[in-house]
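Visitor: Listed below are the residues making up each chain.
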Amino acid sequence: MSDHSAIRNPQSAISMTFTLNGSPVSVEIDPVDRLLDTLRYQLALTGTKEGCGEGECGACTVHLDGLPVNSCLVPSYQVRGHRVDTIESLDPRALEPFERCGATQCGACTPGVVMTAWWIGQHADLLRTHTIRELMAGNLCRCTGYDGIVDSVAEALRETGGGRRET
Amino acid sequence: MQRREALTKLTGRERYVDDLPLEGFLWGMTVRSPAPRGRIAAIRFAKGVDWSQFVVVDHRDIPGPNVVALIEQDQPVLAADVVRHVHEPVLLLAHPSRDAVRRAVRSVEIVVAPEPATLDFRVSPDVLKHLKIEKGDVARALAQAPVVVSGTYETGAQEHVYLETQGMIAYLEGDVLVVKGSMQCPYYVVKALQHALARDESKVRVIQTPTGGGFGGKEEFPSHIALHAALLGLKSGRPVKVIYDRGEDMAATTKRHPALVRHRTGLTRDGRLLAQDIEVVIDGGAYVTLSPVVLSRAIIHAAGPYACDHVRIVGRAVFTNAVPFGAFRGFGAPQTQFAGERHMDVIAQTLALDAVELRRTNLLREGQTTATGQVISDGTDRVAVMERALELSGYRVKQRDHATFNATQATLRRGIGLATFYHGAGFTGGGEVALKSRLRVAGLPDGRVEVLSASIEMGQGTLTVFTELAAARLGLAPEDVTIAEADTARVPNSGPTVASRTTMIVGGLVERAADDLRRRAGLDDAAQGDAVKQAIRRWHRDHAGGTLVGEATYEKPPGIEWDDTTYRGDAYGAFAWAAYTAEVEVDLRTCATRVIDFVAVQEVGNVLNPTLARGQVQGGVVQGIGWALMEECKWRDGAMANNQLTNYLIPTSDDVPSIRVAFLENPYAHGAGGAKGLGELPIDGPAPAIVNAVARATGADPRAIPVTPERLMELLEIADLGLRIADSAP
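Protein chains in written order, with this note's numbering: chain Y, 1 to 167; chain L, 1 to 730.
Simulated from the structure, these hints should not be mistaken for laboratory data.
Note that the coordinates shown come from a computational prediction; the quantities given were computed from them, not determined experimentally.
Every beta carbon over 10 Å from chain L, so not counted as near; a handful from chain Y, in silico:
1. 14
2. 15
3. 17
4. 22
5. 42
6. 69
7. 78
8. 119
9. 128
10. 129
11. 159
12. 160
Quick look at which bits of chain Y chain L covers, simulated, 3 or more residues with Cβ under 8 Å:
13. 53-63
14. 85-92
15. 95-106
16. 109-116
17. 140-153
Ideal Cβ placement from N, Cα and C applies to all residues, glycine included.
Next comes chain L alone, as it looks inside the complex:
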């Protein structure tokens, strides 16, 4: 099936939040802190502006507690006395003219009495979350290991650059507050509105509008904008629209957590892992946001898809005075797997082993356990996944060709790199149980069915996949399935649209709710197609005006156990497995790296829609290429200095090759249609594969990303200098 809403999007008819018709509304904007930390000494409104024309909101206008409810209740809706990061919202303004409100924002001065700010997370003593995984006896195993290889790796912040910037509309419909906008988690927004506005859930209605990309950036942040628009709307009694422009979006919203990862690895001389001692530090920024769970996923993935009896992973997320970091595709796993997979190549180099053979020796075999003690017995051959990538990329042939190429070229160098990795789908540990996700499938009077869920479409294909799953389950044509708008007045809470959980987990609820519908229509589970439609129509004839609804609630698959206090057990219901190769060409004159071929092989259970799945992988890989080579946030006094697409560069079509994608399919018994989660996996592998290729091509040893031309030039000059010093030594 082709993407359901493709033609609407291709013809520009899809209505995003800023495209919706809205009568008599005000434009809302945010006045933000100019300083990373300090006490708000004064707020000065410039003379010469008629402030009576403006709606002005500050923290005193918040009816309930001044916090954006999330994991911790620590982040204010609007700063009251102190600010903890640059761009922290302090004041809200609204006016019918967008130009007027833009000028007005510049006419308010927030005077901050500065206090010392922590801007380097590597030295922050202020730990917001500490987590530890322990398996076996690492200290002893390291002490006894014939070889120990150490390395320190760093990854930078990454901006989501969803093409549609964030935005919200808020208005009152009677006494119900309606908030519409671009978001991944409608019920997060409900919870935040209810809490800070002290409103009953029945007086809050949240509607997701078509969302122009999210990648995690619209997981927790939309709650802030929703609250801001709502506060202005409630105070003014008029509809309010808040749309961030790109500069504000890049400066003030969340990004991928910067990370520092240290490895100490004990091995046999032929490369078998004996002990992995790993330390992970991530920059949480000024508030807790989702950092504890990002840290959790980071450490669980840190040891890689390898068997090792003695593992210790210690993680901490620290507070700084940076703009808070947040959810971003991969959610901590890309950072630790960059470190882990780069470290594998460093080990190979140190022990003079082949990087492929090193991985082959250590990849998890059936029945072996991960760092948390999860027994892997899913029947997937992880070595075969790697072999497929080697074969498709022509890895061995290319290695030979590159040796010739590099020996004969004056200024160009080529290399090919590999990464083998994994990604756990769904919420970690007991998370899915705690969510208690619910979903409904309704039978309509004309015999069609409607799927009601809070799982949203943001480009990843929810509408299409849910249509396919419901249609397949009931033997209907796709035209007989509609997907309800994610409107919290109508749809149950199927959980947030995050964590690669929508197809695998919520899709399973679609199937089970369809089964329930069929039973309620008086049919057995075998009934298909016309029989189902007729039964639904018959039910409505017999129950005029009634609603026929099948429902499903999440149930934990059997045999999954997790202990959150010891961090032992089954961290995820299923892992997706992958092996990616990157071939690069480096121009030694400019030190620019170009990816010239990329192969992405993964085992993700059954592939439900090949075009959508391939597109997810290709998009994730290209986002990973950006993170590896060019996407660099430049910071100045805690603020992003390059908050524009002119100098924060993301890959264009001309910067990347065609991404060659292959799937190995091993159906997952507890996933919808046999599928496992896929959305995040492809961001984990590109960076290490690329950097390993750059190392192979140039002899440089990059340990941090992005490997920009400037950074590579520095590394090559250092290497060159080292060589010359060695040459001139007596």
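The shape of chain Y in the complex, shown without the other chains:
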């Protein structure tokens, strides 16, 4: 079986501070703990999901200094002094198009999808050089066939005046 966790050495536990969803937090970690586990199991922020544990599926996407990253591939120590934003920080009112257009079915990929979509929304100029399908390709979804997701992103961009319509 694959094993994604390093062998923990209790002596290597360190204290670390970073900015989480706008507020400073301090945690005791092993420097190589995955950011995903620190968020889920130490800070009880279970909105971030594990899908594959190897950076393929994007279910664990969070923003590190404003950039989407797979939190299963980020050693927790790497975020020391940096800014991390998770699905829990998102304003639910921004998600109406995602509800309407069928962006979610089982929901396991959804927080990661939304985090990537949020990033696209903040950088709508990306759509001058990329399609929504290209930008969303790092988030695997097994339920929707992607139309619901792509339509939601396009709709949200249209409503906020960013980007162009894509089908």
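Following the hints, position chain L against chain Y.
Guide: Same frame as chain Y, now just chain L:
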């Protein structure tokens, strides 16, 4: 109505099993067989590990019979003396630290004295189930047919890749064992726990947690994990959590059955079917699991939605030493319909007929019968379904455009392919009668109603559709309907959440239980809305502390007869009908195939929720695109070698086009709201439509899926070589 739980899921607030708060628990893990077959000679625990810190469970800790109860009682909870497949569970470990238990699993060695293993199902002599359908006299009809076209087709295993991996929690609440987790069939889990743990049903409580995808993968397998978590929990006296990581999930859980299908078809020269002789073989793997019923659905769908007077379909599921195969969306029908629909194009090619006209000639007309003798008289025009797909896809125009494109492009080739197919909804034959599904709708003191069922939400929309059905029946607003958690301590057994049965069949129970509630509240069937709410409130004022519950039990629609011994009769209450087209572009340099347009037209009775229905079809189609072109399980000594998403590829958003969906609606009298089952249908059509398109584009003749670039390159090289040999012949 929008999906009920959409916002909870979009904001990450939905709590899946690994998200639930749990105090003082142990992480459980499984130690598995390293070999496909043999006798367990020794179990060695490495020195240097303090094993007293660990809870260790083996087969001797199982209080009841060491089997996971399903169709047959053949699969052990934990292997005792022998192993029959790689990754078969042998030992369970638990510890408060996940890291510690992961290391400990690697510190146990299961020593297996190997015995010869059967790893190729095509040559396995060990038949676990044999089934046969016979209509007319195939031998005579074949002998007399002006033309006979034969073909052999193969489909590979497919991994479900539900995004939430499997997982369970088990703990004791007093003397009641509580098991919570990701599952499709809470009462399957109850049955398995009761049997192997020798516990009374009242001492077992199973609760489904929000389930992050299932596709059949969480039909029978969760019973195993539930038992493992329960055994560790009972031995340790502490809550235990077992969560598979992706690698373990892909390696150790079930997959779609690999299949081999042979066709021998007798026809007139203008393409009318005279005889279909079909042989179906599926790989069951090491234990029976659900293979007999997968085989049943496979053979019933094997002849396609066509009229033919002489049909013989012989099917067998065989044992091998592969990890057992299991339920996967479509349940055998995608395998046989891939073969059947690819074969239709092979026939067309052989007889120099148009593939569309060949289908038009043979599609079932009103009053004609299927292979099992089921008379189709549902009023659906199956030719019109096909015509709609041709029209929406611009099929004829594209064929012409492709001829030009292919003649002028150096390295790109385009083609468009068609598949016409069907899918029977609900359990096969007498299955629904045997299930005796029950459902309740309760009237709450504040006038709202609560639907109580064991039919679960896994993304397909149960919560939303049940809300809509109950609200429509009683004239209530959706806010006035709640859906109970699927907790076996509270909900009746409405059957498993499988077989495209939830909306059509269990939804019907929602409607009838709502009617019963209304009667019990003292109203007639016409009462709606506020009258219903007031009556429910009034009833509670008059019966303080009482419970007001309407109930419904499945009743077979009139006129459906099935004989399980002869495999004759009405295999399903209703079939959904479909025609899909796929347009592909193949790059001859890389042999990579890209689907550039896809049209999915289906007749599924009334569409209850267009957004959900469209999403089901689009998701099923994309899963089918994966199965057709890229999803390939690589096997090494009976184990999946590519058990990670890095090298088992599923489609991304950038690999697929927008899936264009259209519904033709012909209400089904015995389905909830006039609906027929929909969930599985869309996985049946994509693979043959795509492969037919690849054949059209390249001239290659793929007979097996997935058509990976490697496989297509091989086929094209063979074709090319054949050409060159022919050229150089004297």
